[in-house]
Amino acid sequence: MSRTDIRITGFGGQGVVLSGYIIGRACAINASQHATMIQSFGPEARGSACSATLAISDSEVLYPYISRPDVFVVMSTEGYDKYRDELKDDGILVYEQNLVHPTLKEGQPSFGVPSTRIAESLGRTIVQNIVMLGFFAASAQIVSREDMRDAVKSSVPPGTEELNLKAFDAGCAHFDETYGEKKEEVGAAAANQG
Amino acid sequence: MKADPAGVLTGAHYLDGDFACGEGAMAAGCRFTAGYPITPSTEVVERISRRFPMMGGTFIQMEDELASMAAVVGASWTGTKCLTVTSGPGFSLMMENIGLGAMMETPLVVVNVQRGGPSTGLPTMTGQADMMQARWGSHGDYRLIALSPQSPQESFDLMIDAFNLSEEYRVPVLFMMDECVGHMTEKVVIPPADEIEIVPRKLTDKPPGEFLPYKANGNGVPEFARAGDGYRFHTTGLTHDERGYPVMSAECQEELIPRLINKITDNVDKISRFDEENTDGADVVLVTYGITARVARMGIDMARKKGVKVGVIRLIVVWPFPEQHIRDLASKIKAFVVPEINLGQMVLEVERCAGGKAETILVPHAGGGVHNPQDICDAILRAAK
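Keeping their order, the protein sequence lines are chains U and G. Each residue of the first sequence is one higher than the one before, starting from 1 at the first, in our numbering. Each residue of the second sequence is one higher than the one before, starting from 1 at the first, in our numbering.
Hints were generated in silico from the structure; no laboratory data involved. Do not take every clue at face value.
[Unchecked claim] To give a feel for the contact side, a few chain G residues facing chain U, derived at Cβ under 8 Å: (1) Lys2; (2) Thr10; (3) Ala12; (4) Tyr14; (5) Pro118; (6) Cys180; (7) Lys187; (8) Arg294; (9) Val295.
Treat the numbers as computed from the prediction; the structure is a model and nothing was measured. Even for Gly, the Cβ is constructed at its ideal location relative to N, Cα and C.
Using the sequences and the hints, build the whole thing.
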């Protein structure tokens with residue numbers, strides 16, 4: 001059994017839960033894996049550090065919660081402070097580089113993206129999380145870009161598909177431009193998460 | 001009878017257990033829901049209230065759970081399939097009218113997405129501590145049916161069974177989910193409508209002059225006449241005769257109450273459902289249900305690696321309890337292990353049926369989370385000694 005655990009965090013309103021939903025959908029519906037998503041409930045879902053977790057596996061997920069994620073996607077400082085210690089020492093950190101200033105552990109694969117600025121340049125800050133998802137798909141390589149892109153398309157409100165896909169592609173493109181040459185190494189890091 | 005396609009969202013979806021439960025209800029033909037939304041069950045009625053207008057269903061947000069339950073009991077008498085949805089505190093408030101539903105032999109389904117209790121407890125966190133309330137919560141002698149899903153997929157699948165059982169036996173059916181299953185999102189495949197078998201309301205074909213609303217058929221279950229169909233009848237929570245009129249006597253009570261119980265207990269073999277795995281030759285057998293059944297499988301795998309012969313019975317229909325099966329197993333094994341997210345409920349039933357022939361070991365959890373699989377493994381190792 002190979003299982004990859006992911007935590008996504010940000011502040012309520014950033015689309016943390018939708019991001020988790022889209023990753024899960026990409027894995028469970030498009031990529032025929034097992035993906036169990038749990039979202040945070042309560043006041044934190046509407047302002048402070050909000051979080052969603054995913055357990056992705058090639059067999060049924062028996063234990064739905066996660067303790068030491070293999071991938072940590074961070075979109076706010078508060079979320080980073082709350083969950084930073086959980087990440088596995090060799091786990092992948094994916095972060096919003098203008099909102100989060102992480103203290104990196106030695107040997108830890110980490111990838112920053114100015115997803116809010118990129119979303120602003122597309123005309124709508126609200127798609128920041130989708131930019132992040134594109135960047136996540138390209139960097140963590142847990143599920144193919146095509147499967148993720150398709151999950152974005154089928155998960156966003158009707159009429160907003162074009163903008164959201166543009167945001168997704170911009171996130172992927174930023175990874176290729178910034179980290180493109182390190183792709184091999186990154187792929188190996190992701191493959192080791194099993 | 002096949003499901004009405006209007007209520008069936010055929011396809012592969014990524015849904016949480018609550019949404020899947022709502023979809024199951026609509027696929028089963030539910031077209032009336034009354035409820036007082038409460039965490040962690042709110043998403044069930046959120047889903048239903050959003051989708052009902054597309055299939056001619058009616059959702060009413062009631063003033064509280066007493067009224068919700070009363071509305072559902074009443075609405076079912078129009079022949080409509082009815083649902084209410086709640087969690088711990090609301091389940092307590094529904095108890096009196098659940099008893100009314102049992103006494104009036106009213107088909108309906110009650111969903112309880114269990115959270116930590118007692119009282120308001122842990123609204124957003126999981127529990128399985130209402131299992132005995134599902135059995136004994138209303139006053140008087142009665143028997144109901146209760147199911148417990150272990151995944152969003154089962155929340156869909158078993159809702160259809162829940163509605164079908166409520167029609168077959170004319171009883172309230174309790175759908176005992178837990179917050180963990182309700183709030184976890186997984187793949188849910190909804191089949192085409194023509195692959196979903198539905199039990200319709202069993203309407204009488206007798207003419208109004210000959211129809212007796214509480215005269216049982218061979219199965220112990222009376223035929224149904226809808227309010228407004230021209231049949232003169234009376235229904236009440238008081239002890240009643242075959243005409244449905246109150247009769248205050250020990251004789252009438254002796255006629256009615258054993259029948260209400262026997263229509264379930266005499267059909268246990270037909271109603272009962274459980275998954276059974278590796279119990280032949282096992283030293284230890286786990287009895288599990290709901291989310292705990294999934295987590296327990298990790299503990300079982302750990303114990304098997306240490307050489308213990310472990311079997312498992314996963315209850316799908318929790319009530320009526322498969323008494324005879326547990327009795328039969330008890331004389332062949334060393335011990336039962338029962339992990340549950342409470343401090344000892346279904347374990348009492350296992351222990352009673354084991355009758356001292358096999359040891360019964362509880363693996364308790366007070367609620368707010370699921371078991372550590374290691375704790376379940378440790379209990380299995382203790383039981384095997």
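- Holds or violated: G:Val295 as interface residue toward chain U, Cβ cutoff 8 Å? 6 Å, holds
- Message: Is the interface hint satisfied for G:Ala12? The criterion is a beta-carbon contact with chain U at less than 8 Å.
- Response: 5 Å, holds
- Quick one, is the G:Pro118 hint okay against chain U at 8 Å, beta carbons? 20 Å, violated
- Message: Hint G:Tyr14 vs chain U: min CB-CB distance below 8 Å?
- Response: This hint holds: G:Tyr14 lies near chain U, its Cβ roughly 4 Å from the closest one there, short of 8 Å.
- Query: Holds or violated: G:Lys187 as interface residue toward chain U, Cβ cutoff 8 Å?
  - Reply: Nearest chain U Cβ about 4 Å off; hint holds.
- Taking the closest Cβ pair, is G:Lys2 under 8 Å from chain U? Hint on G:Lys2: violated, closest Cβ of chain U at ~26 Å, above 8 Å.
- Restraint outcome when G:Thr10 is required to lie within 8 Å of chain U by C-beta distance: Not OK, violated: G:Thr10 not within 8 Å of chain U, min 14 Å.
- Query: Measuring from the C-beta of G:Cys180 to each C-beta in chain U, is the shortest one below 8 Å?
  - Reply: 6 Å, holds
- Query: Regarding the hint that G:Arg294 lies at the interface with chain U, is the smallest CB-CB distance below 8 Å?
  - Reply: 5 Å, holds
Hint compliance for this structure: hints 1, 2 and 5 are not met, and every other hint is.
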